[in-house]
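Undergrad: Combine the two chains into a complex, taking the hints into account.
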Amino acid sequence: MIRLEELARRTKATLCLACGKCTGNCPLAELEHGHSPRRLVARALTDLETDGRILVRKCLTCGACEERCPEGVAFVDFVREVRALLPPEERASCPHHQVLMQATRLMASGGSARKRLEWLSEDLRVAEKGDVLLFVGCLPLFDAVYADLGIRSTDIARSAVRILNRLGIEPVVRAEEVCCGHDLLWAGDPESYRALAEKNAALFAETGAKTIVTACAECARTLALSYPETLKNFKYEVVHLATFLAGRLKELGIEQGTADAETTVTFQDPCRLSRHLGVVVDPRAVLEAIPGLRLEEMSLSAGNARCCGTSGFQHCDAESRRLQTIRIAEARATGAELLVTACPKCRIHFTCAQEEDARRARVDGREPMKRMRTEDLAVLVAEALEKAAAPAAAQGGE
Amino acid sequence: MELATLEQAKLIFEKGTELEIERISPSPCTLACPAGVNVKGYVSLIAEGRFVEALGVVRDRCPLPGVCGRVCNHPCESVCRRNNVDGAVSIRALKRFVADYAAELPPPLLPPKPFREERIAVVGSGPGGITAAYDLARAGFGVTLIESESKLGGMLRYGIPDYRLPPEVLDREIDALLGPSVQVRTNTVLGRDVGLDELLAKGHAAVFLAVGAMKSRRLGLHGEGEIQGVEDALAFLKRANEGDRTPCGERVLVIGGGSSAIDAARTALRLGARSADIVYRRSKEEMPAVEEEIRAAEAEGVGFRFLTAPNALKVENGRVVALECLEVRLGEPDASGRRRPIPVSGSEFTLRTDAVIASIGQEPNLPFLGSRYESSVDRSGCLIVSDETGLTRIGRVFAGGDAVTGPATVIEAIAAGHRAARAIQRLIEEGPDSLLRAFPAPAARWEVGLPDPSPDRHERAHAPELSLSERSGFEEVELAFTAEDAIDEASRCLRCGPCFECHTCVSTCPRRHVLVRSAATNGERIASIDLLLRTPREGTPAEARESEARGMLQVESDGKEDSPISVTVGLVKSRVDERLCRGCGRCIEVCAFRAPRLVPGKDQEPVSRIDPTLCRGCGLCVSVCSTGAAEIEPFSKNWILDSVTDASPDRKVGRSVVITCQRRGGCLAPAAEEPHDGVEIIRLSCVGQLEAGTILKLIHAGAEEVLVAGCAEDRCRFEHGAGIAADQVELARALLRICGIDPDRVRSDWSEGREGDPLILNDLVGAGGRS
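Chains as they are written, first to last, in the working numbering: chain A, 1 to 398; chain B, 1 to 771.
Bear in mind the hints are in silico, worked out from the structure with no lab data behind them.
Remember, predicted model here, so these are calculated numbers, not experimental data.
Mixed in with the good hints there might be a few duds.
What the hints assert, rightly or not - Derived lysine-lysine pairs resembling DSSO-like cross-links, with alpha carbons at most 27 Å apart: (1) B/K151 to B/K202; (2) A/K250 to A/K58; (3) B/K314 to B/K215; (4) A/K232 to A/K12; (5) B/K151 to A/K58; (6) B/K602 to A/K58.
Isolated chain B (complex conformation) (with noise of 0.2 Å):
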């Protein structure tokens, strides 16, 4: 598949001293995540054994990891591409593994006290609450958290029950998300304690609405309000959640086909009861649930009632014994899409039951709207705002999560807590006018067809969960990934995209004005695995042109001090000349990735052409191109010997050339030393792009010694790159050898490349190397 360009990557200026790169067209996952998490980023910083990093790049777009980690819906598993080959990449798994793997460390620091006149209500602390506060707070306002209920958390706290989401993690993550300039008050209800005109009136600039939808619906049978045993899913599992561990019943039947419809069910059992059932009015199909809940509710021993519906509730002393039901069939799709149940006439049927939990659905709670009710919300109760800010009807007041949508989920609410801490922020900044210019938006798809990936086929892991004997209390069911078995998980994802991240750019740019910024915990924005590009000291457009280092940053700019400067980076890929090609076949045999494939060249002789899209960029090929057809670009032939001799007017070389990848001692190293002096340091996306006669030019160019410091064998990232290098270098010293030469100035390291196994250059430079 041609493209008509390669996709490149635009900078932005901003602030003067960092340009963030954005990506025009991030992966399937990246895009599918409401929040925007980057999640190729964070998988592919797992892959590398760079947990707390990965850890960075989650919490720059979800300030609750530890939490999402274990009850998302994850978006990004269902369009996983590595879905098509042998099962998505457990995501959500590897999240919640680095959010455990690091949760001693301090998350990134608050300001100590609001640096901005204005302060901010938000109403709700649940998923979208809790991050709109956050966003506000680090954007230096002060923060009136409003939360009806004694505890934070929302949903979190008092719908998810502890077997999924531990209140020891919630806690945490909460209280490292409320620094001093967020004051929280409990136990206060908007409308009885507190008006919303009060709020506006008395120093809020704005207010941010992230009640959630915390009415439950009525089943609609007569007698529900008065019988005993008969309640609503959300009552049941918030006092559950409170540490309420009373039975509610032996032979408890739940309504419904959600979430929380499993988790009342699960509850229930562990509760005591003999059984909990669930009836559901739809088939499995359409259950709401999400896939890996439902298991769970059957290994536990749930039950499942489907295309039936509740029709009368049988009563014997004020209290339920038993439900009557109808059975059902599903009709035409109606306005969610999903089929109509249609109850069968005459078909009812009895269920004995002493306990019966409704829950099909929740409405948003919203008396305090008063008079403005019938303007400010939609059919279903729900509260109408403009998609892009989260504005409501009612001036200066943004609305979020649940309480706009109706129930959905938790990262929803957090991509909602983003959106409108991003526009209060704008409104306040630029005045109300400014929130009718469009944000920026997200990406356009990429359209790529699907790499077939290597004939190593692994199948997906999926984290532990505890054994069914160990599941009678309340104790996480679900347990995380050894960092072993999350870093082999996450090697399966295929980093789709045009850019692999290899981060060569990073490394030839000679001032380092590229550059992948780690986690920091010093207050700065957390950009990750994104690129940043450093203007010069001075910022002047004129230097920052200077940096346009062999090709492969362009800068453009007009000349005006101020004026934004536009910097493109291209990506390496190689290529090859057909005119040279002979059609070996090399190239397709060291290629992991099934870039280069056979067509027919000019006189109708197979030549190799290589997928643009499919190319990450490593070089193997070129290495083991006979004929010189190959070659990566945007380098030139030569790159190599031309980055160790450009700097010397008489093209001599250093002392010591170490030639090393990007996972030993380059950017996605851990904690690579800087060069010492006389030793010149080369980073290739992998060594296997090295080959002998380029070791021997380095020699005759006057290297003491070349040092090659790659991956172990079944480390390496492009497969047989650590392969192709070791050859290499065997034959570049048995050529040495023979020609009078040490062949000890050619020395290699291989090593596992993880963390606490950085590339020291002590130890491989100098008489003490090793070989």
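Next comes chain A alone, as it looks inside the complex (with noise of 0.2 Å):
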């Protein structure tokens, strides 16, 4: 209890008025009666073993009620903290028999004889030391693990090296990289989280790095924010892709390509990129930039996003499934004929959501919603340099 008090005062919990207007910006409160972030605070102080905990596991952390609150409860930090104090069955509910958090956790003990760079082709050039680092994430896990999914979580990870050998950097790409440890740690298992994030930062030691590029979300996240708090002396730039293209614009030249037709998109605006990070109008100057892009918004967006619905691969249910439909839609409402997101766990859950509903509208005889294409804002920004190069190369060839 007197942890659970400690928490409570460091993130302010003491301090909600109960207004109600987290609640009003709660994705899960408009689906599920109930669920509410004051209430989960509240219950988790007075009846963490039964009511608590289940509010608890649900939320998503997207941190939409702390934009409104008046009081600045740091809900997402009670929640991530109050959830390493359930029991360890009690912790993670990760879908899929914990697969993901399994193989990451063994990353942790792991050897160092990783086999995860086989996604890099011969054209792309990396380096093992370096100012720049790409940090590559789970994509190779994911590959494997939705592989039934018809896509290619790697894309990002190739978009990514070729978009920055055309800015002239060899970026570092090691194979003793591990996972940044994001989705254990906001399942309340922060020793799993610091093992993995030991060896990282022992990793990026050795490489001379300076600035630590990603182009994930939940690992941007993790680097800026949750490394520097529990680990001495981490002192390294972590940026998201888009944020460190934002600023080199110029450099990246693909103004200066043209489109074959103009495509409208709508963009996801990550959890943990707008909100946690407060990153939001880097992705969408980048956007701009590409030719034949015409962004509409959806009406919730930047910090007022909606979650795509699932966070650090905990929820899979029946709520999780609604959002990523709701999502969808919001995202068609905008006449757009591409969803374009900037994590590449939020492309999985919209990919996965529309699998499902083919597969259930074969089950009921009805046909499934029309589909809503996604892509990564990497592999966008790789895609136009790739026909920004063409029309040089044939320049210099007359």
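TA: Laid out in structure tokens, this is it:
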């Protein structure tokens, strides 16, 4: 109880006015009567063994509540740390029998002979040491687990390297990299997260890197905010790829290219990027620069964006599915043909939801809902670069 | 359909060493068998390729499997629920297959000599008498087996033709049943050579009359007894069965519609008759003969004249030359429930014939009753007995079979033999009053809807037969299945009943108290696929209570040493927590038994609900469930990991973990090895229950290697299990590789899982493992 009380004070949960503004913004509260951020805090403090733990596990930690709270209660930190107080079996409700979480736990203890660079194609140039390190994250694991969804998450990694190469950078990409630990940390297993963080920190120190770039919003949040809290002397500049590129658009030269046709797109702000890290302008700046793309915003966007329904692979229930379905409908309502994501996990969830709808449509004997194409920001930029390169080469030849 | 509680098996404490599990709700086929043969049991064993054990199951209740496998009228097939899909399972032919397969193997041994004082007389060596003699000999009694003919077998020998039941088969089966305890007296007629009272007075504690119904009914036509060329079917068939191949006539007419009539007609053709026609006073639908016999007769050229009754015999020179017949129409049903034949006056017509064989019914021949006749028999001349015990109106004299029921079937006679032996044993052990006490009754029928089986419709396979051109002599017409065909046909069995015989209860019991006994040849009672619970060595209730392993077994006792223990075995079923389910439908896709279906849950959103009467406990749904809503009762969510880590205080795992299914490495496996040191074997009902996350957890918990041994994909009992398991193993290996852990620490092995293909741990464990 002492730890709980101390946590409540530290996160300002004790200042709660019971005003209910958090509930008004919470995406789960819309769908599930009885779920609300302030109720979560109250129950966690008084009744953690029964009611409290259910609410604590269901929370998406998207931070929408924090946008509105007049007292500045740090709900998200509260939930993260309360989860660590739950008994181990109760901590993680990761679906698919915790396959991803188990894999990442094994990474902490596994050897260093990781076979995780096979996604690198011949034309990509990477280095063992350098100033800029590309943190790839669990993309190779996603390719294995979600093979039947028909998407390859490692496309994002290839695109990122290609873009950096075009900027004249050979990013550090190392096989010794381990999972950033985000999912384990948010599942209430800070010990395993710490083991992973320490492994990564040792690697980074060895590479001489000064800047760490990643294309995954959950990794970015973890490296930028969690690692400095956990590790001593973690002094790196950590940025999401969108931020890295937003400051180098001229160098990149994608504006010079032309597009075959105009495509209307809309953008899903990842919770960890928009709210946790406060980054909303950079991805938009990058999108604007891509020729032929017209950005139409969803009504709930930027700091108000609706969570994709799953965070840290911990939620796979009916409410998550409904959130995915609602968000896809909101994307379609903008008239966009393409939904752009900046986190590989958002893309997986949207794709999985649409696959499931197709499967259920077969069972129910109805038409499936119209597919909404999704693509990652990095892949769009890399594709635009291909088109921008071609005319220049042609000119050069002539 | 909801059951109030899942059906449970109750265990009965017996003899202090083993508890036989009595099923409360056996399958319809088992309930339909008059002798109580565990049909589902032996068909399941055949499907697993375990033929010898299957035969053991049969022999437990049917001592003449080769006979019944050829001539039984198979009430089991009539109620087989596969009838509603694509045809019953060919149960009788499967029984014949295992009887022939294991023919060379010695049957269970009999005691070398009687160990009881009392001696029992059995009169008649047909199926009823033989069964009673066998049961009584095994119970330790001396038996005097009295037979009026020169050879044993009764109707089996003298009534059923060789092309249906070869004499070598009959000889072999009967010889196996008669041990030193049985004194055989052939050519001994009760009443003529020894009297009933004499038997009782001179050293027999009881008598069982199984004399059959060997007196043929007369046609009632003028001159019947004196005319040449007119005889009754029993006499005719007996001659042929004794080896007499004299032709009986050119144009033969057989009067009657039962099995004997068919046998007579087919025999007549084999003896060289140009034609053999059956004359029957009702229509084809009412013929008592079995379907396949009618078909065989038609194929062989037997003619049929329905709705025809014999009216008079036309004679010339003392020999029959024609039969005058009347047409018949069918009126209201009579006492037997069949429509009464009413002759149509003025419809006389004549059929030329030189041999008329009468097969219109039989009665028991009971001259030895003497003055007791009137009080002992009913209107049809059959002995009156008490249903449960077979006791006649004469003290210490029991009866059963055709002598009681009139002409009936082999299996009913066998059932009567069992009944009498059981009653005689109780009479002797506990005195006459004990016969008033009820015997354990067969279980009530278990109502459940027919499961919608998988879309694969396999047409029924029938046993092969000799082609028509090959059927000139008396060689056996019906042949045996091949082993592959037998397994395929047996695999069509739906295994009706709440218990799917997955044997998870057997492998989860930590002390191996629950066992599946295989066919033993060491004189112990064969209990086969029915489960046994072996009490702890000391046999104390307290220790038995310790066997309450993981919720599967519940032990109750009143604490007294001598009191029976009541043990209940739970059933393995999947269940969905509707709060967690999101209705994705994956469970529906993998279930071969259509057990899960979508129902409205909270908020009217669809959720999955599993019908426990259809669920087979394989756990594939649990493996593919993305939210973890599905779980296997009665186990915990992490039961696979818990089973492995429970034993060690720090929850660390042993060196090698083998995960296998009941068929490859469990109770159903042929001669599975005992575990080595440091090797932990987990037996699931199907390896498809395992998924990648659990494999990784085992590695994380310290397992050096995880070996998944399952059945080949097209052999999986649950259809998709092997495929799911293979995918999960591949995923685990891919993830281990990425994580920098040697993927060969997770390996798999798939096989046919038949006899001769046991799970050999040495091949899998250690560096030499295949992957």
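Undergrad: None of the hints should be skipped; say for each whether it holds.
TA: Here is how each hint holds up against the structure:
1. B/K151 to B/K202: This hinted pair holds, its Cα atoms lying about 25 Å apart.
2. A/K250 to A/K58: violated, 43 Å
3. B/K314 to B/K215: holds, 25 Å
4. A/K232 to A/K12: holds, 26 Å
5. B/K151 to A/K58: This hinted pair is violated, its Cα atoms lying about 81 Å apart.
6. B/K602 to A/K58: Holds: B/K602 and A/K58 sit about 17 Å apart, inside 27 Å.
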